[in-house]
Amino acid sequence: MTQARAGLRETCRAEVEEILARYPERRSALLPLLHLVQREEGYISEAAMREVAEIVGCRPVDVFDVVTFYTVYHRQPVGKYLLEVCRTLSCALLGGRKLTRHLEERLGIQAGETTADGLFTLREVECIGACSNAPAMLINNRIYENLTPEKLDAILEQLRAEASERVAPPEGERQGLP
Amino acid sequence: MSDATVDTVTLTIDGIEVSVPKGTLVVDAARKAGIEIPVFCSHPKLEPIGACRMCLVRVEKIPKLITSCTLQVAEGMVVTTNSAEVAAARAGVLEFLLSNHSLDCPFCDKGGECDLQDHTFRHGVPEGRFEEPKILRQKKPMPPIIEKVMSRCVHCARCIRYCDEVMGVGALRFINRGVCTEPAAFMDGGLACEQCGNCIEVCPVGALTAEFYDLKARPLDRKQTNSLCQYCGDGCTMTIEVKGRHSGETHIIRTRGHDGQGVNDEFLCVRGRFGYGMVNSPERLKQPLVRRDGELVPATWDEALDLVATRLAEIRERHGADAIGGIGSEKCTNEEAYLFGKLLRGVLGTNNVDYRTEAKRPFQAASLARLLALAPPEGALWRLRHARLVVLVGADLTSENPWSEKQIIQATAKDHQRVLLAYPRRIRPVEYASRWLRHAPGTEPALLRGLAGLVANEAQAEQVAATVGVAPDELQAFAKELQDAPDVVLLLGPRVCAGTDPDAAMLAAAQLAQTLGVRRPAGADGPKRVDVVVLARHNNTRGAQDLGLLPDTYPGYAGMKTAGFAPEWGEALPTRPGKSTPEMLAAAAHGELKALYVLGANPAVAFPDGERVRQALAGVEFLVVQDLFLTPTAQQADVVLPAASFAEKEGTFTNGEGRVQRVRRAMEPVGEARADWEILQAVAGRLGRPWPYLSAGEVAREITRLVPLYAGLSYQALDLPVSNFLVRPAPLAAAAAEPVVSGGAGPAAPSGEYPFVLLTGQTLFHSGTLSPWAPEMRRLAQHAYVEIAPEDAATLGVADGERVRLVSPRGALSLFAHVQPGGAPGILFLPHHFAEAPANVLLDAAAAVDRVRVEKE
Ligand code: SF4
Ligand code: SF4
Ligand code: SF4
Ligand code: FES
Ligand code: FES
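Residue numbers (my numbering), protein chains in the order written: chain A, 27 to 204; chain B, 282 to 1138.
Incorrect hints may appear among the rest.
What the hints assert, rightly or not - 25 Å max Cα-Cα, derived SDA-like pairs, lysine to any residue:
(1) A:Lys-177 - A:Ala-189
(2) B:Lys-695 - A:Cys-84
(3) B:Lys-415 - A:Cys-153
(4) B:Lys-842 - B:Arg-986
(5) B:Lys-421 - A:Cys-153
(6) B:Lys-761 - B:Thr-781
(7) B:Lys-415 - A:Val-151
(8) B:Lys-695 - A:Cys-153
Unchecked claim - Some chain A residues close to chain B (C-beta under 8 Å, calculated; not the full set):
(9) Thr-37
(10) Arg-39
(11) Glu-41
(12) Glu-43
(13) Tyr-69
(14) Pro-86
(15) Val-87
(16) Asp-88
Hint data in this document are derived by calculation from the structure and do not stem from the laboratory.
Because the structure is a prediction, the values reported are computed rather than measured.
Heads up, the beta-carbon is just placed ideally off N, CA and C, and yes, glycines get one too.
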């Protein structure tokens, strides 16, 4: 751990209680609590997994199981903009792979990496449910459809401009509760 | 247990009609009909999950192929396993499994005994259709012992389920998804678990392996022998695998359990699975040693044996037979325990014989026999799986009797059992016990007596609670649950007899059982069933007791009745009870005991008040030690005789439940070492009493003839899958005749100079004087340490891992502090088996409770 972490029960006590109160079993609160961690801290650290395990009363390895299963949970900090390109069938047939290559080239990183300035993280993911308008991608959970390399360039430019204007991305666009 | 009322169901599998109990799974019904359905995830000990699809079959009226490992039989069901369709499904599953499999069979521990190899050979197709590059993964360690090679994993989840369902540990989970799914510990790091290695055992492929065994042997290199574990009294069956053909190079490379064999049915705990290395240790004694000019020097067997016989005869001549004593072992075979008694009593003429090396005060044989008579007739291990209430007093089951504990873990998980625990420290059973009485150390007799009184409505909860240092309502609730339970198993651990009043504790336990047993639970039409189990810490504690390594009884708890033994053992057998270990050591210190024969025991490290023990041992004129290693006791000896290990001899052990089982010779003894029974026979011969045994079996035959408790025993009857020869002493006169008294010693008052109570005992990784010689076990627990509660550590300013000095009125010891979360303030725990930090130097043989102070170093 690089820096001390205040802990969910300190920073969001009321919300934690509210989430726990929704379910008859504490364990059922596991996914929403992980979303909460990610909203607050941007990713899910080892310490956070231990804390969530303690809150819901399971073993840390149970939390680890869930966190590694769902790709929506990040185990490392991600860039300000998380680009998730679909690689499943419809998109793959319509050039999804090319989109990834294009982004890799433009950003100078490989899929799975984050740019040095911390702006972009690029990943490939499985079907995001936008097959009818393939190829598609998610940017901070917003769907972008019918993509082409040209459209990608425009989007990147727009995001860069936006980032230089604002210190932080607007609330709703950060990784949050779906 | 068969139950005649169970409904049976008849079905047809591949045209064969088979009848099985209702609830049987199709895969098991097929096996009964002689049809083998290939499986990966299905396992007889685990709940079915249908994860691997290997076992698909066609069932009439079910639209698709279905997994036979999850489907229960139904009347008239028609199953097909031998069609082209089923064959294609099997081939398809295997083709998928192999699509990303590394196929590194020549470099795989499982090569030659792998289910994936076998299934592919029988049911696979020679060529797969996948042309894409394989996704292969490197071997990854899960420290400290286990390694995984995930390119071999078939995702059956057996490892995960065994760890959950049988171990109750839950150390493993599947992580990631898709082709990268793999069993892992938290953060895919090391395993903070019991290190039992059962996950390796149940893995159908070579995906999990132990670092100690990895790439050390091929199946053909190994000679396998079915034998027993040499550690605790649960008596697990194990296969000992040795490599190397010539004596001198033969060594154990692995020990494992097998499905369907022994009381343990495949399970082994960490000591059983990885504790074999002491057999291979280069420090084993390989030839006799005799003391010349103050030094122990190598000698021939003849020299050593002659010396032993001459000196013993001389001392008997000059000082009488009672100037000689013998301390035997809870680790030797029944045959050896029996012969040790016969040597001391029949040849040398003294009843000074004992096996106990840790007890401050010895219990009477009659107290023990009374409790043993209350043991469950079908065997304690089986009973523990089915009892409704288990009461655990003074036992750290996790460390002491791991397989007994796993019975309880499996029963409580199925919700039909509750556990009540009485123990002064936080131990693992706290996790699954529904009540935990944290009584003050040393008050076990008072607690048992108090419970008996409460159950009989003859005691005041407040008074008993004050005596044992717990809250009255907790005690009351504990007693109430005891009263109300439909049936009870009372498990008594070593702490019950560790104090200065073991007979009182044992009597109280018998009274508690009897008081409970006359109660009729509400709604029941018979009296309540109450069983008592005296847990055995060592592999043959029970055998040592049964075969008379106690100063106040001949074999079979017949007391001083020599009738059965008189002509056979010798003409004039001693009839007055002899000295127990503490009495022998005291006599040695006073110069009354002139010769001491120690067989496989290590009182210098085990017996309380280490300094005095060493002086006592130094005080005897002649000390013989028969052992595997040059233990601190052996270092003081005049003659040291090298003994064979459990893996190098034949015989029987009796486990804690009274089950007599076979130990078999898996390899030649190292060097010139000999089996203890052979050595004893040689000594007797030189004392003018030639015994006629050509084998351990012949000794066993004499035991069956002379010891009624073991009548009917024959080696053939002890064969696998599991011995059904259970012994149990006859019930003695009723204990309830004596009045139930409450009261007794209360919690010891803290004293200013020595503010901490010190408890000593064993841990999961080390149980006594053998495990520390196994390098594998040393890897798991290297250093001596003392457990201290966080509050106390804070007050003293001691951090985890820092060195501290413990000082008692008897001695001092310096070791590492281990801060235990949730530990009880005021109580320290010290594992007792590290020769470099012998806990016994701190103990006071006369004190009911030991006290120390802690100093920072
Ligand atoms: S070694 Fe035993 S306790 Fe550890 S993960 Fe394997 S099965 Fe579980
Ligand atoms: S490691 Fe072995 S037991 Fe565990 S899931 Fe893989 S194949 Fe099954
Ligand atoms: S439970 Fe006891 S007998 Fe079984 S393997 Fe462990 S130490 Fe050996
Ligand atoms: S395949 Fe890409 S969105 Fe479904
Ligand atoms: S054995 Fe039946 S699904 Fe695995």
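Exercise. Against the structure, test the hints numbered earlier, and report the numbers of the ones violated in rising order.
Key: Going through the list in order, the structure violates hints 5, 6, 8, 9, 10, 11, 12 and 13 and respects the others.
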